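Visitor: Listed below are the residues making up each chain.
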Amino acid sequence: MIAFVLRRLASAVPTLFIVVTISFFLMRFAPGGPFNLERPLPPATMENLVRTYQLDQPLWRQYVTYITNAVTGDFGPSYIYKDNSVAELIGKGLPYSIELGFYALLLALIGGVTMGTVAALRQNSALDFSIMSLATVGTTVPNFVVGPVLTLVFAIALSWLPAGGWGDGSLRFLILPMIALALPQLAVFARLTRGSMIEALHADHIRTARAYGLPARVVVVTHAMRGAMLPVVSYLAPCAAALLTGSAVVETIFTIPGVGRYFVLGAINRDYTLVMGTVILIAIFVIVFNLLVDILYGLLDPRVRHD
Amino acid sequence: MADKNETILAIRDLKVDFTTPDGTVNAVKGISLDVRAGETIAVVGESGSGKSQTMMGIMGLLASNGTVTGSAAYRGRELIGLRPSELNKVRGAKVTMIFQEPMTSLDPLYPVGRQIAEPIVHHRGGSYKEARKRVLELLELVGIPEPARRMDSYPHELSGGQRQRVMIAMALANDPDILIADEPTTALDVTIQAQILKLLRSLQERFGMAIVLITHDLGIVRHFAERVAVMRRGEVVEQGTTADIFERPTSDYTRMLLAAEPHGRKASPPDTAPIILEGRDVVVDYRIGGGLFSGGAALFRAVDRVTVRLREGQTIGIVGESGSGKSTLGRALLRLILGSGHYRFGSTDISGYDRSRMRPLRKAMQLVFQDPYGSLSPRQTVGEVITEGLLVHEPDLGKAERDRRAVAALKEVGLDPDARNRYPHEFSGGQRQRIAIARAMILKPKVVILDEPTSALDRSVQGQVIDLLRTLQDSHRLSYIFISHDLSVVRAMSDYVVVMKDGRIVEEGETDRIFEAPANAYTKALIGAAFHI
Numbered sequence: 001m002i003a004f005v006l007r008r009l010a011s012a013v014p015t016l017f018i019v020v021t022i023s024f025f026l027m028r029f030a031p032g033g034p035f036n037l038e039r040p041l042p043p044a045t046m047e048n049l050v051r052t053y054q055l056d057q058p059l060w061r062q063y064v065t066y067i068t069n070a071v072t073g074d075f076g077p078s079y080i081y082k083d084n085s086v087a088e089l090i091g092k093g094l095p096y097s098i099e100l101g102f103y104a105l106l107l108a109l110i111g112g113v114t115m116g117t118v119a120a121l122r123q124n125s126a127l128d129f130s131i132m133s134l135a136t137v138g139t140t141v142p143n144f145v146v147g148p149v150l151t152l153v154f155a156i157a158l159s160w161l162p163a164g165g166w167g168d169g170s171l172r173f174l175i176l177p178m179i180a181l182a183l184p185q186l187a188v189f190a191r192l193t194r195g196s197m198i199e200a201l202h203a204d205h206i207r208t209a210r211a212y213g214l215p216a217r218v219v220v221v222t223h224a225m226r227g228a229m230l231p232v233v234s235y236l237a238p239c240a241a242a243l244l245t246g247s248a249v250v251e252t253i254f255t256i257p258g259v260g261r262y263f264v265l266g267a268i269n270r271d272y273t274l275v276m277g278t279v280i281l282i283a284i285f286v287i288v289f290n291l292l293v294d295i296l297y298g299l300l301d302p303r304v305r306h307d
Numbered sequence: 001m002a003d004k005n006e007t008i009l010a011i012r013d014l015k016v017d018f019t020t021p022d023g024t025v026n027a028v029k030g031i032s033l034d035v036r037a038g039e040t041i042a043v044v045g046e047s048g049s050g051k052s053q054t055m056m057g058i059m060g061l062l063a064s065n066g067t068v069t070g071s072a073a074y075r076g077r078e079l080i081g082l083r084p085s086e087l088n089k090v091r092g093a094k095v096t097m098i099f100q101e102p103m104t105s106l107d108p109l110y111p112v113g114r115q116i117a118e119p120i121v122h123h124r125g126g127s128y129k130e131a132r133k134r135v136l137e138l139l140e141l142v143g144i145p146e147p148a149r150r151m152d153s154y155p156h157e158l159s160g161g162q163r164q165r166v167m168i169a170m171a172l173a174n175d176p177d178i179l180i181a182d183e184p185t186t187a188l189d190v191t192i193q194a195q196i197l198k199l200l201r202s203l204q205e206r207f208g209m210a211i212v213l214i215t216h217d218l219g220i221v222r223h224f225a226e227r228v229a230v231m232r233r234g235e236v237v238e239q240g241t242t243a244d245i246f247e248r249p250t251s252d253y254t255r256m257l258l259a260a261e262p263h264g265r266k267a268s269p270p271d272t273a274p275i276i277l278e279g280r281d282v283v284v285d286y287r288i289g290g291g292l293f294s295g296g297a298a299l300f301r302a303v304d305r306v307t308v309r310l311r312e313g314q315t316i317g318i319v320g321e322s323g324s325g326k327s328t329l330g331r332a333l334l335r336l337i338l339g340s341g342h343y344r345f346g347s348t349d350i351s352g353y354d355r356s357r358m359r360p361l362r363k364a365m366q367l368v369f370q371d372p373y374g375s376l377s378p379r380q381t382v383g384e385v386i387t388e389g390l391l392v393h394e395p396d397l398g399k400a401e402r403d404r405r406a407v408a409a410l411k412e413v414g415l416d417p418d419a420r421n422r423y424p425h426e427f428s429g430g431q432r433q434r435i436a437i438a439r440a441m442i443l444k445p446k447v448v449i450l451d452e453p454t455s456a457l458d459r460s461v462q463g464q465v466i467d468l469l470r471t472l473q474d475s476h477r478l479s480y481i482f483i484s485h486d487l488s489v490v491r492a493m494s495d496y497v498v499v500m501k502d503g504r505i506v507e508e509g510e511t512d513r514i515f516e517a518p519a520n521a522y523t524k525a526l527i528g529a530a531f532h533i
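Protein chains in written order, with our numbering: chain A, 1 to 307; chain B, 1 to 533.
Keep in mind that the hints were calculated from the coordinates and are not lab data. Predicted model, so just to flag it, every value in this text is computed and none were measured. Virtual Cβ for every residue (Gly too), placed ideally from N, Cα, C. Worth double-checking, as some hints may not be accurate.
[Unchecked claim] What follows is a list of derived Cβ distance ranges for each label pair:
hint, chain 1, residue 1, chain 2, residue 2, range
1, B, Ser340, A, Thr114, 53 to 59 Å
2, B, Arg149, A, Val64, 26 to 32 Å
3, A, Leu55, B, Phe300, 33 to 39 Å
4, A, Leu300, B, Pro145, 25 to 31 Å
Between the sequences and the hints, there should be enough to build the whole structure, so can you do that?
Guide: In structure tokens, the structure reads:
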């Protein structure tokens, strides 16, 4: 087990390196630059900026410098938020994104699995149909629609909850963005759970469990559900990485000071260092969660052993 | 000992219906049957006869579109229409079941000991810890080696035979009155099959439970059951003592079933017949595991220095249990798996041939598989399925000519030529196997490798397919390699037999010699298990 974790962590290094390299060059090959603004800067200022940020150096040297600095934890200054380094920006925003993402993940997982299980147990009933319709809505309606609608209803019309901001960080402020963030993932979990539950309930060993007079609760929870959770667990890794690293749309709508918007803003403004910082952040989250999920998978399914 | 005249399960006018999009299917049409204390009663029938669904209906295990009506009284207590919570007190305690699929009937995620303990805990109370002693006892009883260690094993760590023993342990856990065994040995190799049946019999002698044996295999019934009920299309056509059914059958269907055991022998081709396909010192290794970061892979030798020479007009039967390497050998001989060794097709040395150089020869060497359900594409019409090879091997043929060949091929295998416009799922298993044979025959091959071509078929259908294969062999001077674990079919079909075990040939010779005077201990065991259970 320890050997497995170490091996996986070792393989994470080349993975990260490849991700960083590809993003670095992709970003540089995109037209424009961080200082090409709508109103062009005076040539002298421009030259000054370019020299300060060493953008006049050959590309390969910039790359080497970036990698060398990144290894020591220096991800450079942001070109747009000039007073901050990328590390500072992410360090400040990440706790907000993680807290919101964690609640959204919890809601999506618990809500989705429950709904999916109920739908599977009542396959082809009206209840199944309504749950699956809801799941379709969850996947098809984008969160830039869900967000404002939630605000309109619960914050403005009913005045039950605040319309945005982090406030004192209490749950009241989190409820609406959490729902907007969780809804699409909840729909995916519900669909996945329903599908794998239906399959699990038709397995031969479920017939055995019923033939041996085990109560329905034991048949469903102990025997069907554990197997049915395997595909759900697999999806957990990309989902957790996506939710915990924030969402540009949801954070913008609800004015939450997380890191979600940096990726989009950085890309639009050719803020090379900021984009690279977010890419590395997301890559690390994906790698770590994939590892955690693989460990969890091994605990759930004895046929998958890590030794 | 139980009183064998006491009826403990009385089935009266039992019906099982399934609601399907095409209307209601009456799977069981009002049957009556008694199970007496301590007896072994066999319910025999081919697929679709309703033999399994009868028991599933009584045990409340029908699929969700199934309904059961009528009466089934266990010691005077009506089981049909019982609430699930009430039915749960009977099933798994007094009436237990074992199933055909030992591979999938156990939950892969829990240790076997825990699964055996589950019905004990649920029916008798107590904790899993307390149940461990009983589980250990049960595992010893069913002959699992090292039971104390094995109880913490997972199903995938056990062999098929061991898993079936675990199922039997589970079935015995609460001292049942009736043990329903639904094709308990069908998925197992013959030698394992004999062991499991012996175990069931000795357990019955010791504990005196009644056994209801559901099976399609008359060989098992004759040696195992005291009474037999023959089912066909949802009805019991005949029931009586085993002796009566086998010696004095009254219904035509029973007589047909009894006669359906494959018969006939094949004469050897003349010694002057040229060798058409040869593999010398065939070795096939499989890599197991291995990956970028997980270190080296292990090699598994599936076929170990095997030599086979097939003469024109000959049928070589390759027999062996699962994992013996017989299917791998068949594929290696056709160079579908690239093993090492020397290969010859007719006078051509094909040892070094790769895929593209093999392609022109493929027309003359065809393959028919076991599973008539999985080996035909469900998205192609039968006509497309059987003419696909012509598109590759005779691309100059016109559409009309291809169609003419398809009609001829279908007629030859005994199917209506109109079949070519329909899809495989519209045909029965036997018909699909005929389609698969037509697909091979349309190319006018010289060698056909038949990989368990009859194993998925009912006995009566099996006989017809064997007859067809024989006729085709005579009329086209075909050479067959007939791979099967079913010794009675091999005996009827082939003139030469190769017995394989663990990738090696343990014995080979003329069919009669092998079956009448086997020299090797393993061959003896195999034949003993197959013919004298």
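Visitor: Of the numbered hints stated earlier in the document, which are not met by this structure?
Guide: Per hint list: 2, 3 violated.
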